[in-house]
Amino acid sequence: QMGAIELHTWGATRDRIETPDHFVLDLDPDPALPWRSMIEATQMVLALLEELGLEAFLKTSGGKGMHIIVPLARQAEWDTVKAFAKAIAEFISRQLPERFTATMGPKNRVGKIFIDYLRNSRGGSTVTAYSVRARPGLPVSVPIALHELTGLTSSAQWDITNLEQRLSQLKDDPWAGYSNRRKITQKMWKQLGAKRP
Numbered sequence: 140q141m142g143a144i145e146l147h148t149w150g151a152t153r154d155r156i157e158t159p160d161h162f163v164l165d166l167d168p169d170p171a172l173p174w175r176s177m178i179e180a181t182q183m184v185l186a187l188l189e190e191l192g193l194e195a196f197l198k199t200s201g202g203k204g205m206h207i208i209v210p211l212a213r214q215a216e217w218d219t220v221k222a223f224a225k226a227i228a229e230f231i232s233r234q235l236p237e238r239f240t241a242t243m244g245p246k247n248r249v250g251k252i253f254i255d256y257l258r259n260s261r262g263g264s265t266v267t268a269y270s271v272r273a274r275p276g277l278p279v280s281v282p283i284a285l286h287e288l289t290g291l292t293s294s295a296q297w298d299i300t301n302l303e304q305r306l307s308q309l310k311d312d313p314w315a316g317y318s319n320r321r322k323i324t325q326k327m328w329k330q331l332g333a334k335r336p
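Using my numbering, read the sequence shown as starting at 140 and increasing by one per residue.
Careful, some of the hints might be misleading.
[What the hints assert, rightly or not] Have a look at the derived ranges for each label pair, beta carbon to beta carbon: (1) Thr300 - Gln330: 40 to 50 Å; (2) Asp218 - Leu306: 31 to 41 Å; (3) His286 - Asp160: 35 to 45 Å; (4) Gln308 - Arg261: 33 to 43 Å; (5) Lys246 - Asp311: 38 to 48 Å; (6) Thr242 - Gln330: 20 to 30 Å; (7) Arg155 - Gly316: 15 to 25 Å; (8) Pro170 - Lys310: 30 to 40 Å; (9) Gly276 - Glu216: 14 to 24 Å; (10) Gly316 - Gly290: 15 to 25 Å; (11) Asn247 - Gln308: 19 to 29 Å; (12) Leu285 - Arg155: 21 to 31 Å; (13) Met243 - Lys310: 37 to 47 Å.
[Unchecked claim] Using 30 Å as the maximum straight-line C-alpha spacing, the simulated DSS-like pairs for lysine-lysine come out as follows: (14) Lys225 - Lys322; (15) Lys310 - Lys225; (16) Lys246 - Lys225; (17) Lys310 - Lys203; (18) Lys329 - Lys225; (19) Lys246 - Lys334; (20) Lys310 - Lys334; (21) Lys246 - Lys203; (22) Lys334 - Lys225; (23) Lys310 - Lys326.
Hints in this document: simulated from the structure, not taken from any laboratory. Every residue, glycine too, gets a C-beta built ideally from N, C-alpha and C.
Please construct the entire structure, taking both the sequences and the accompanying hints into account.
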């Protein structure tokens with residue numbers, strides 16, 4: 140017998156396990172930062188992804204941060220996808236070092252937001268959309284549309300007591316267009332000042 144509260148998934152499906160179909164940038168803040176900083180940071184990362192020509196989707200983490208999901212054409216293998224996510228994290232951390240870090244560890248994110256790209260390793264995982272989190276109040280990781288970002292009050296805005304209300308009020312799928320997958324191109328690597336491994 141096994142019990143589980145949180146559900147975590149890989150970035151690939153069983154039929155083609157060696158070629159991820161998305162990558163995740165997990166924005167993990169210094170807990171002392173105000174929520175407004177998280178919204179602004181998410182907007183900045185989204186702007187970079189748009190500049191690269193990538194379409195991104197958002198979900199609350201159900202914790203303190205935000206998850207940015209980028210669907211991919213299933214061509215690149217794990218090492219390449221992870222290196223690309225790392226290149227994005229390092230690029231924006233170089234551009235805005237007062238706001239972001241790409242280096243793990245509490246001492247490295249004092250007053251900053253850690254862009255966690257490490258979940259994109261083979262075997263790495265991220266809490267899935269609509270999974271309950273094993274935290275006080277049982278918050279839920281919830282997909283949102285990009286235009287809803289500025290209205291969020293926290294990443295744990297929805298929990299098991301109010302998620303049904305959220306779902307009943309949805310008029311459109313917040314992740315409509317998720318199946319439109321993009322390739323990682325040489326031009327993108329060049330824009331980031333990085334080399335494909």
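So, going through the hints one by one against the coordinates:
no.	hint	result
1	Thr300 - Gln330: 40 to 50 Å	44 Å, holds
2	Asp218 - Leu306: 31 to 41 Å	37 Å, holds
3	His286 - Asp160: 35 to 45 Å	25 Å, violated
4	Gln308 - Arg261: 33 to 43 Å	38 Å, holds
5	Lys246 - Asp311: 38 to 48 Å	42 Å, holds
6	Thr242 - Gln330: 20 to 30 Å	22 Å, holds
7	Arg155 - Gly316: 15 to 25 Å	21 Å, holds
8	Pro170 - Lys310: 30 to 40 Å	34 Å, holds
9	Gly276 - Glu216: 14 to 24 Å	39 Å, violated
10	Gly316 - Gly290: 15 to 25 Å	20 Å, holds
11	Asn247 - Gln308: 19 to 29 Å	39 Å, violated
12	Leu285 - Arg155: 21 to 31 Å	28 Å, holds
13	Met243 - Lys310: 37 to 47 Å	39 Å, holds
14	Lys225 - Lys322	16 Å, holds
15	Lys310 - Lys225	35 Å, violated
16	Lys246 - Lys225	19 Å, holds
17	Lys310 - Lys203	26 Å, holds
18	Lys329 - Lys225	14 Å, holds
19	Lys246 - Lys334	29 Å, holds
20	Lys310 - Lys334	42 Å, violated
21	Lys246 - Lys203	17 Å, holds
22	Lys334 - Lys225	11 Å, holds
23	Lys310 - Lys326	37 Å, violated
Hints 3, 9, 11, 15, 20 and 23, counting from the list given before, are not met by this structure.
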